Each structure stands twice: as structure tokens, then as C-alpha cells.
Amino acid sequence: MFHLKKENKGAAIILFDEEVRLTGKISAELKKWFKKQRLNSLETVIFDCQNIIFIDSMGIASVISMYKAITSSGKQMILSRLRKEVKDILILLNLDKLFLMDDRTPEQIIRKL
Amino acid sequence: MENMTNKESYRTTISSTLDAVDDVSAEIYSFIAKRSGNELAFRAGLLVIEICTNIVKYGYEKSPDEKIWVSIDKNNSSYTILIEDESKPFNLLEEYHNIDLDKIDKLERGGMGIFLIKSLSKDINYSYSEGKNKLTIIV
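Protein chains in written order, with our numbering: chain A, 1 to 113; chain B, 1 to 139.
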């Protein structure tokens, strides 16, 4: 369901194979999967959120957990292509002040790194 | 999950599990999206999942044999959602949760649910009667 696709310029993209509701069960699986990923050589992790059609507080907590793990080791995490409804909820929670959000595709972001 | 749907209302009884809560949230999303669009549907689906998750985790303490009753009625451009459960009396409106980005560890563990419930409701009322917590939300 989740993939880490390594690109050039020290970047990688996390993506979902299909549309998901990022709620309890899937967010627990995402956290577990993420812990197994090797991010040592990376500078930037782009989380492609296009396929997240719904998110709840447990899903948001899993994104915060990924953000913490990535940024604590000096890397940056960018949330790409958030759907409007998901983005509105993150803004309501003031998380736009924490996360980097970018409406461009991950590939477009990487080209500009 | 047993449910009854007509053009203007939706009623269901679910067991107190997180999977059942996710399913009912998705059904309510779909019910409202068809009638009023994705934005309102998202808000209602999120309210239902946050409230029912709270009931499952803290009201019934993850006992899967308990029940939650969920109904939704369309009134012109808004919807009234009623969520009932038989756990111990708990009025979430008396809880205060602010979002503090300086305490990211706390956010990671939770605490956003009640803030979202209060922020996304147009109106919200709590009562306890006939052995049930009753939360009525306008969205």
C-alpha cells in the first residue's frame, strides 16, 4: 500500500498505491512501515498526499510522527498535493505552521530543489 | 452494522470497534457527499469518527460488544447528527484542548479530536438520559 521511491538530489517520495482514508488502522500500519524505511542518505522526503481522500486525528498524528522522525535528523519533509479538505483540516489545527505544504507534484518539487 | 437510509435521513447501530467506526464515517461521508458535496461530507465524516472513536476508546474502553447509535437527518442545507452510547456519563464539551505546536509530542499522542469536534460543529449539545450519552451536532 505504501511505497518509498528514491529519486535524485537526495530526495524520496512516499506514496500510496490507491485512494486511502488515513484513519486508525491504516495510520498504525503507516507508522510501522515508516519505521522500517532507510532514510540515511536522504535530504528531502516528499509525502505525496494526492491519494489521501480522508484523514482523522489518528491519521494526522501519524503524519506528525513521520515529520518528527524526519526533521529530527536534519532532513526536510514536504506534503505534496494535499486535497483541499485535508489541507483545510491541517490549517485549522495550525499545522501549516509546522509542515511544508506544496501543491506541485513531487517531481516538480524535486526539479526545483 | 444495521442501517436504514432514505432520501433525507440515515440511521445505524454499530458495534464499538474502530473498524465499525471507520465504516460508519465513510457511509456518512458518502450519504452527504451525494446530497451536499465533499466539503460538508468531509466535516460530518470527521465529526462522526472523532466522537465515536472517543466512545470506543474511553467510554467503552475498547470493549467490542457495546453499541453506538448514529443517526443523521437533513434539514435544508444543514444536517443534524445524533450519536448515542451507553457508557459512563461523559460530556466532552466540558473538556478543553488547545493546539500547542510547541508540544508536538503531546499532539502526536492525540488531543486533537476534541478540538476538531468543537471547531467543526455549527452547534453541539450534550445530554444524559435513559442511561445514554446523547450528543447532538449540527453541521
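Read the hints as simulated data drawn from the structure, not as lab findings. Check before you lean on any hint, since a few could be wrong.
[What the hints assert, rightly or not] If you only want the chain B side, here are some residues facing chain A, beta carbon under 7 Å, derived:
(1) LEU40
(2) ILE99
(3) SER119
Quick caveat: nothing in here was measured; it's all calculated off a predicted structure. By construction, the Cβ of each residue, glycine as well, lies at the ideal position given by its N, Cα and C atoms.
Structure-based check of all given hints:
Interface restraint check for B/LEU40: the shortest CB-CB distance to chain A comes to about 10 Å, outside 7 Å, so the restraint is violated. The restraint placing B/ILE99 at the interface with chain A holds, with a minimum CB-CB distance near 5 Å, inside the 7 Å limit. For B/SER119, the suggested interface contact is upheld, since its CB lies about 6 Å from the closest CB of chain A, less than 7 Å.
Hint 1 alone, counting from the list given before, is not met by this structure.
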